[in-house]
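I would like the entire structure built from these sequences, with the hints used as guidance.
2 protein chains.
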Amino acid sequence: MHIEITRHSLHHALQHIAAGLPSRPVQPILAGIKLQADAHRLTLTCSKLTMTLKYQLPSPSEMLTVQQSGSTVVSARYLIDIVRSLPGGVISLRMTENGILHMQSGQSVYRLATMDANEFPDTPPFDDRTSILINNGDLKTIVGQVAFAASTSEARPVLTGVSMTMREGGRSLKLLATDGIRLAARTACIDAEDFGNPLPSIVIEAKHLTDYSKMLTDAASSTQISFGDHDIRFQTNGFSMLASLIPGQFPSTDKLLPPAFGTEIKLDTASFAEAVGRVSLLAGDSRVVGMRITEEGAELFATSPDIGDVTEAVALAWRTGEAITVYFNGKYMKDIVNATESEQLYIRLTGREKPIIIETAPDDDTYYILTPIRSAH
Amino acid sequence: MHIEITRHSLHHALQHIAAGLPSRPVQPILAGIKLQADAHRLTLTCSKLTMTLKYQLPSPSEMLTVQQSGSTVVSARYLIDIVRSLPGGVISLRMTENGILHMQSGQSVYRLATMDANEFPDTPPFDDRTSILINNGDLKTIVGQVAFAASTSEARPVLTGVSMTMREGGRSLKLLATDGIRLAARTACIDAEDFGNPLPSIVIEAKHLTDYSKMLTDAASSTQISFGDHDIRFQTNGFSMLASLIPGQFPSTDKLLPPAFGTEIKLDTASFAEAVGRVSLLAGDSRVVGMRITEEGAELFATSPDIGDVTEAVALAWRTGEAITVYFNGKYMKDIVNATESEQLYIRLTGREKPIIIETAPDDDTYYILTPIRSAH
Chain A
1 MHIEITRHSL HHALQHIAAG LPSRPVQPIL AGIKLQADAH RLTLTCSKLT MTLKYQLPSP
61 SEMLTVQQSG STVVSARYLI DIVRSLPGGV ISLRMTENGI LHMQSGQSVY RLATMDANEF
121 PDTPPFDDRT SILINNGDLK TIVGQVAFAA STSEARPVLT GVSMTMREGG RSLKLLATDG
181 IRLAARTACI DAEDFGNPLP SIVIEAKHLT DYSKMLTDAA SSTQISFGDH DIRFQTNGFS
241 MLASLIPGQF PSTDKLLPPA FGTEIKLDTA SFAEAVGRVS LLAGDSRVVG MRITEEGAEL
301 FATSPDIGDV TEAVALAWRT GEAITVYFNG KYMKDIVNAT ESEQLYIRLT GREKPIIIET
361 APDDDTYYIL TPIRSAH
Chain B
1 MHIEITRHSL HHALQHIAAG LPSRPVQPIL AGIKLQADAH RLTLTCSKLT MTLKYQLPSP
61 SEMLTVQQSG STVVSARYLI DIVRSLPGGV ISLRMTENGI LHMQSGQSVY RLATMDANEF
121 PDTPPFDDRT SILINNGDLK TIVGQVAFAA STSEARPVLT GVSMTMREGG RSLKLLATDG
181 IRLAARTACI DAEDFGNPLP SIVIEAKHLT DYSKMLTDAA SSTQISFGDH DIRFQTNGFS
241 MLASLIPGQF PSTDKLLPPA FGTEIKLDTA SFAEAVGRVS LLAGDSRVVG MRITEEGAEL
301 FATSPDIGDV TEAVALAWRT GEAITVYFNG KYMKDIVNAT ESEQLYIRLT GREKPIIIET
361 APDDDTYYIL TPIRSAH
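Chain order of the listed sequences is A and B.
Heads up: the first sequence is residues 1 to 377, going by the working numbering.
Heads up: the second sequence is residues 1 to 377, going by the working numbering.
Take these hints with a grain of salt, some might be off.
Note that the list lumps identical chains together, so a pair holds whenever it fits in one copy or between two copies.
SDA-like mimics (lysine to any residue), calculated; alpha carbons at most 20 Å apart, straight line [said to hold, decoys possible]:
| id | residue 1 | residue 2 |
| --- | --- | --- |
| 1 | K331 | T130 |
| 2 | K331 | Q67 |
| 3 | K207 | D306 |
| 4 | K140 | A315 |
| 5 | K331 | R84 |
| 6 | K331 | D81 |
| 7 | K331 | I80 |
| 8 | K354 | P124 |
| 9 | K214 | P58 |
Hints are computed from structural coordinates only; laboratory data are not their basis.
Below is the structure:
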């Protein structure tokens, strides 16, 4: 293998795939990045087995020349640190006969140990049954609005995922995540679809989806999502992720949305988020924040034993229904309110032990559910 | 106590004194901030016993009105978090009869538990023997250039300090710090002095000096430094630090500077710093970087077993003397080079086991010494 690549392109490619590195590699080779060069392209791969990130650069191009095909695996940590610290210009990467990667740029000459590219785990053969095309900006937005609500506990693996379901005969995609306490749901339009088979609802690890969507900087391009029996592939502009699906049934959430509400308020999102943050300061480790809605208006309150208490009046755009007091996790409420990216919010309540529904518009496909805390202390 | 103060002023004052909070308070009251209001001012105090930070705001003024004198101590963590999260405007702080601090701003009403201000440790009576006036910009610069070289180990307490010595009959102040491996020395001019007694050399905790100087944003003002028998006081624009001196003799460092040099090079600081950084990437945990100076020029090199090695040529402005190879701690060299804030550096060597001298100008009062590592591995 012998390639010449601009520092900018290699740095850009490494940034895209770095999230694919396992934090604790189960095999030494997984701490490496696979470099594979042929006449047409350079492919960089990182793998954590259940998820593989790839970045491809075309050759010959202004940024890359492949002088000699070949492949190798080199320590990800060192490669990333070195490329980050190099000034601009061209980097030459050349395998020598004794298995050393010779890396030269400007006045710097690095010689790095490598691993056998044949040992690097291959991605499984992918059976592309069905695929859709979705705008990158839309995908990034809905992932940001939903994935935070997934569980981080492995107690119920399916809840660490985001459920993806095709709706409206394939014209839209619904994302849903819940950790059992809070739930986020959001629907986005699909640019184009190619249905080979009716699409089942699938579940993908929330962190994988977040890692992929973070790298979507070109909001005008689209991602092709291809659904397999056990895997899912996301592809855009040379960057791709192949991830295993999480097996198991995602819990049904339809019955969580009550048909009618006893109390409903509408308020300004930004000032409510700030108020929840200020009141949460005295909510202690339990993070219990109370909200009291009366005919006079609404107020948030919290008490931290031995420290003090706080009360803050909340301005309402309007209010309808009965007086009610509910308690909830202040951090969870703030996460939800920040995720909505809406100027105004509707909060609907049916009782102090019933789910709190947060919506950005009446009867919208975007909704959040927060399970209240039964008693204040 | 009852005061009204702008959120901006209180936030600004709290930022100044927060570094005076102990990380592990030996008494519960030291986790608090003392607020003391009288007809003329509000004083905020944080104390870690060996160091006390105070901030004073005059009253009445545009930012502060003292409605009723008094003092109290309130949890620093909660006060800082609350004030940070409040929007702009005026904050009213009022002690109620039951020892609760009533704090109101906008729609938020906090009621905080307090501690008895009489329990807060008093600063010792200060015997102001001698004082000098130094420009804040100069003080901030020289502290940044010297304090990093102090030791962080308590094995020799005096080395955790910065030595301050008056020079040139009181027209300049020399700061010096060393951890035994590296040494930094810098001299700054004094604006004005008032010598009651001849001034001994004193030693002050490097971290205290850094904490104080970080807050010096107004480079045009001056700090008055007052020297006592056991303490030192720094004062500028209502902000002050009183710190205990570190007892003990600072090691003599005069004989470390050799009278003549075998080899001398001059180079560009920024490109040398970057080169040291790039080579250090393969220096491993031992951080051993080699520098080889020959008639052809200079190069840096490092080897990390099982990973690889690196060589980088260093451009020299000029070179004089014998060929030599020395090894040093790459991180320490980079810290020194970055601290110099000079465009060009002179590096002087007398042998591979003799101190490496780094200067910003020939025969300057600013110099750095780095003890080499005897062998590469």
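So, going through the hints one by one against the coordinates:
For the homomeric pair K331 and T130, neither the shortest alpha-carbon distance inside one copy (39 Å) nor that between copies (53 Å) is at most 20 Å. For the homomeric pair K331 and Q67, neither the shortest alpha-carbon distance inside one copy (54 Å) nor that between copies (37 Å) is at most 20 Å. Within a single copy, K207 and D306 get their C-alpha atoms no closer than 38 Å, and across copies no closer than 33 Å, so neither meets the 20 Å cut-off. Taking identical chains as interchangeable, the C-alpha atoms of K140 and A315 are never at most 20 Å apart, the minima being 32 Å within one chain and 46 Å between chains.
In this assembly of identical chains, K331 and R84 lie within 20 Å of each other by CA distance solely across copies; the values are 17 Å between and 36 Å within a copy. Taking CA atoms no more than 20 Å apart as the test, K331 paired with D81 passes between copies only; the shortest distance there is 15 Å, against 35 Å inside one copy. Taking identical chains as interchangeable, the C-alpha atoms of K331 and I80 lie at most 20 Å apart only when they sit on different chains, with a minimum of 19 Å there against 35 Å within one chain. Within a single copy, K354 and P124 get their C-alpha atoms no closer than 45 Å, and across copies no closer than 59 Å, so neither meets the 20 Å cut-off.
For the homomeric pair K214 and P58, neither the shortest alpha-carbon distance inside one copy (23 Å) nor that between copies (49 Å) is at most 20 Å.
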